[in-house]
Amino acid sequence: MMPEVTLMALLVITFIADFCGVGKEHRWFNPLVCVLMVAHIVINIFPVEASTAFGGMYQTNASIGVIKTILALGTLIVLIQSREWMLRSDTSFKEGEFYMLVISTLLGMNIMVSANHFLLFFLGLEMASVPMACLVAFDKYRHNSAEAGAKFILTATFSSGVMLYGISFLYGAVGTLYFDDVAAKITASPLTIMGLVFFFSGLGFKISLVPFHFWTADTYQGAPTTVTGYLSVVSKGAAAFTLCAILMKVFAPMVQYWEYLLYIVIVLSITVANLFAIRQSELKRFMAFSSISQAGYIMLAVVGNSALGVTALSYYVLIYVVANMSVFTIISAVEEHSNGNTDMDAYDGFYTTNPKLAFVMTIALFSLGGIPPFAGMFSKFFVFLAAAQQGSKWAYLVVFIALVNTVVSLYYYLLIVKSMYIKKTETPMPAFRSNVSTKIALAICTAGIIIMGVCSFFYDWIEVAAA
Amino acid sequence: MSILTLFVVIPVLMLFGLWIARNLNQVRGVMVAGASCLLALSIWLTITFIQMRHAGNTDLMLFTYSVPWFKPLNIAYSVGVDGISVVMLLLSSVIVFTGTFASWQLKPLTKEYFMWFTLLSSGVFGFFISTDMFTMFMFYEVALIPMYLLIGVWGSGPKEYAAMKLTLMLMGGSALLILGILGIYFFSGATTMNVQEIAQMHNIPVHIQKIFFPFVFIGFGVLGALFPFHTWSPDGHASAPTAVSMLHAGVLMKLGGYGCFRIAMYLLPEAAHQLAWIFIILTTISVVYGALSACVQTDLKYINAYSSVSHCGLVLFALLMMTQTSCTGAILQMLSHGLMTALFFALIGMIYGRTHTRDVRRLGGLMKIMPFLGVGYVIAGLANLGLPGFSGFVAEMTIFVGSFQNADVFHRVATIIACTSIVITAVYILRVVGKILYQKVADPHYETLTDATWDERVAVCCLIFCVAGLGIAPLWASNVISDTLGPILEHINSVSAIAAL
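These protein sequence lines map, in sequence, to chains Z and E.
Every letter in the first sequence is one number past the one before it in my numbering, and letter 231, counting from 1, is 231.
Every letter in the second sequence is one number past the one before it in my numbering, and letter 157, counting from 1, is 1157.
In case anyone wonders, no lab produced these hints; they're calculated from the structure.
In this text, a Cβ means the ideal position worked out from N, Cα and C, and glycines have one as well.
Be careful, since some hints might not be right.
Some residues of chain E that are not near chain Z, with every Cβ distance over 10 Å (derived) [stated by the list, open to error]:
{"hint": "1", "residue": "V1027"}
{"hint": "2", "residue": "C1295"}
{"hint": "3", "residue": "Y1438"}
{"hint": "4", "residue": "T1453"}
Distance condition first, Cα-Cα at most 25 Å in a straight line; then the derived DMTMM-like pairs of lysine to aspartate or glutamate [as the list claims (entries may be wrong)]:
{"hint": "5", "chain 1": "E", "residue 1": "K1107", "chain 2": "Z", "residue 2": "E426"}
{"hint": "6", "chain 1": "E", "residue 1": "K1071", "chain 2": "Z", "residue 2": "D460"}
{"hint": "7", "chain 1": "Z", "residue 1": "K424", "chain 2": "E", "residue 2": "E1112"}
{"hint": "8", "chain 1": "Z", "residue 1": "K424", "chain 2": "E", "residue 2": "E1160"}
{"hint": "9", "chain 1": "Z", "residue 1": "K423", "chain 2": "E", "residue 2": "E1160"}
{"hint": "10", "chain 1": "Z", "residue 1": "K418", "chain 2": "E", "residue 2": "E1112"}
{"hint": "11", "chain 1": "Z", "residue 1": "K418", "chain 2": "Z", "residue 2": "E336"}
{"hint": "12", "chain 1": "E", "residue 1": "K1071", "chain 2": "Z", "residue 2": "E49"}
{"hint": "13", "chain 1": "Z", "residue 1": "K356", "chain 2": "E", "residue 2": "E1112"}
{"hint": "14", "chain 1": "Z", "residue 1": "K249", "chain 2": "Z", "residue 2": "D181"}
{"hint": "15", "chain 1": "E", "residue 1": "K1165", "chain 2": "Z", "residue 2": "D345"}
{"hint": "16", "chain 1": "Z", "residue 1": "K356", "chain 2": "E", "residue 2": "E1160"}
{"hint": "17", "chain 1": "Z", "residue 1": "K423", "chain 2": "E", "residue 2": "E1112"}
{"hint": "18", "chain 1": "Z", "residue 1": "K418", "chain 2": "E", "residue 2": "E1160"}
{"hint": "19", "chain 1": "E", "residue 1": "K1210", "chain 2": "E", "residue 2": "E1197"}
{"hint": "20", "chain 1": "Z", "residue 1": "K439", "chain 2": "E", "residue 2": "E1112"}
{"hint": "21", "chain 1": "E", "residue 1": "K1165", "chain 2": "Z", "residue 2": "E282"}
Hey, can you work out the whole structure from these sequences and the hints?
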């Protein structure tokens, strides 16, 4: 329970600090929260023994510990890079709220990945979604942000409803909600299959898999950029890991049913999102579609239905966190220095004025596109490996379609690179010096992108935990 | 730690050096120092390799070294060289060395240019030293992507289109490759990704081989300009800056042939035998069609790019003939084409830098104005059309003799058709040489142009030395190659003989 305890402590400290007026005109509020977050990560980085709590409703083991650390790392980057945004006059007065909302969503996600009972799982999910809606609507005086918040909360509650409906079917069929008991008793019947489908759809909304992705583009575009980053990596990573764990564990006896479900959803997610991404001219919308297709790749790891798949998924999420956060940090920095401009045209000739940022962005995009020597290629290869391990011709077909799509995705990532390096414009974005926090966040991300691929250390760390 | 790792370490150090370099002279210094080190290292490696073979070391791979990388997935960083990789490393280092001099005066963003250039070369070197499928593939992709920026930023003409087309087509090829690698790995049941060990296990069922062989062969074949997947090549080469064209046509296209042989044919031998006919037809088309297309082009770079399609097609063609002589010829052709096409592109770049046009119709009488470049161009042309005394002759002769050793009608007809490319090559080379060098000066403004500068002379002389050297004394290279090919071809041919029974 250690991560949850330290997160609660964090939440309380932040609340007290805010209450004592630290937030007013004090520039060390953000460093304080970041340091506390680092402390949280350090305390919980050591592998934990498998144990349960709350009468078996809560469970933890090394593999869950690792994913929690990865989520905390993502949150840390979000917190660091939020500083520049938090210095703005229309957000600085509610700085404390932002940190508390972020930490409480993280707490919800931690509970969700640790759940061993459908009710606790649902509780964690809601704890993660409701504060998330507040975060999305954080820039509420901006029209888009409020609209995005409304869209997010409506779809979130709707998907929760669908999921609850599915869980009630399962309860009706097997008479228990403990994961272990459900796994032992469940057999394929029309009722349980309906339960599976509804449950899957509910989580599909959270991970924004096609065809449950309709909220994604608007919400990502409207939300403050920092929050979009948070939503696209941490929230998605937690939901994907949970879906993976539940499918492999609870629905293990029904593998032949969910496997086909997965094939269809993966192929649709990757293909449809890629086709839509090509047409986008607004960078945050573009990243929304990119993240839908990345979600498809993440789910590819589940196809293998093996420990290798769980490792590949966690590794993919880890690398996705650093690569995607790097992109969002730059979008956010550019937005702050150009009056909220997030159009792709704004990046024309970016290299001539801001070579370092353009270079970091290029590395991050290459990583997302799966180009070595950057880490993204390794994580992509490993999910393909995990999926192909399944061995059936359908699995190979899905891998093949996903591979063809990597070429398409490379095309649109290269469009941004092209706009930064090659396109000429009369008025490129003026050179600006980014904030120290932004620099730190980018340094962490870039180091991660370069080191995590070349060094196998991080993979081994996840692998040892999963074994 | 193997000495081979230096081939990757030096470019990485060069990258670091370039990163901290403060001015143009430092950038050039780093590049020359690094490229010279690589050249010296590869020459040393070649000599040592030959000595070790003479001393009776008959291991398949020398200088082997392996360290687990992603252990649970059986991925290792394992390196080793045989005769084929040794000559390829030598070729690559020569091209990188001369490429550095060929882009001596490049502007703007010289530092960034050389950084991407070095990253590209580290991928090339890494590919040739790897013996692990994953590591090999990783380096392969490292070599591909810098191309996009090198062409897109520093290229000429419709560079954005060309860069995107090239990158996407090659990445499409590597997408096929990943599937092939996964198939080979899982269906061989291997607990390693080492090419040698998988080949020795040799337990992939034939019907599975037949599914994955086309994936791997086409995957690499895209880079080897296999018809009809060659269309990136003319556009890409025409738009790329000089040194990048040199490196790309000279070395990168060889990655395709090398991979086809090392992975597709070596690991999937039965399928290679059964499906060879399809690819022999395609490569024959490549050879003749490339040569014919070159005849009708008016842009010097397009002519040379189509000529590359034809010559690289010949490499794949010879490999698929699967006799020892033809395969030796294929590797010699890789070497020879790499050197002479680099020479060609270097000269074209230098001419373009002066005249600002590559249109054959607007050039003329250059021999009088820039005799050094003119002579170089004639030599490159003669080497290209296979004049005895230059490397092209040795390679093509060996290929056609080797191919004709196959006694059946199909192979012989294909060989005869491919042979016609020799004549067609003569047509387009001589036409261009006559037109741009010897007619009267096409534009009075050309009279003011100067001949080659010292850095250009270094690049050109170095390449001419290699082309002529390989033509006059080819025996050492063909021995090194042939010795290595023996056991590999024995493996490919023997197992298929068993399968045929």
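Outcome of the hint check:
{"no.": "1", "hint": "V1027", "in the structure": "holds (15 Å)"}
{"no.": "2", "hint": "C1295", "in the structure": "holds (33 Å)"}
{"no.": "3", "hint": "Y1438", "in the structure": "holds (39 Å)"}
{"no.": "4", "hint": "T1453", "in the structure": "holds (29 Å)"}
{"no.": "5", "hint": "E/K1107 to Z/E426", "in the structure": "holds (21 Å)"}
{"no.": "6", "hint": "E/K1071 to Z/D460", "in the structure": "holds (8 Å)"}
{"no.": "7", "hint": "Z/K424 to E/E1112", "in the structure": "holds (18 Å)"}
{"no.": "8", "hint": "Z/K424 to E/E1160", "in the structure": "holds (12 Å)"}
{"no.": "9", "hint": "Z/K423 to E/E1160", "in the structure": "holds (9 Å)"}
{"no.": "10", "hint": "Z/K418 to E/E1112", "in the structure": "holds (15 Å)"}
{"no.": "11", "hint": "Z/K418 to Z/E336", "in the structure": "holds (23 Å)"}
{"no.": "12", "hint": "E/K1071 to Z/E49", "in the structure": "holds (24 Å)"}
{"no.": "13", "hint": "Z/K356 to E/E1112", "in the structure": "holds (12 Å)"}
{"no.": "14", "hint": "Z/K249 to Z/D181", "in the structure": "holds (11 Å)"}
{"no.": "15", "hint": "E/K1165 to Z/D345", "in the structure": "holds (22 Å)"}
{"no.": "16", "hint": "Z/K356 to E/E1160", "in the structure": "holds (22 Å)"}
{"no.": "17", "hint": "Z/K423 to E/E1112", "in the structure": "holds (17 Å)"}
{"no.": "18", "hint": "Z/K418 to E/E1160", "in the structure": "holds (8 Å)"}
{"no.": "19", "hint": "E/K1210 to E/E1197", "in the structure": "holds (20 Å)"}
{"no.": "20", "hint": "Z/K439 to E/E1112", "in the structure": "holds (21 Å)"}
{"no.": "21", "hint": "E/K1165 to Z/E282", "in the structure": "holds (24 Å)"}
In summary, this structure violates none of the numbered hints.
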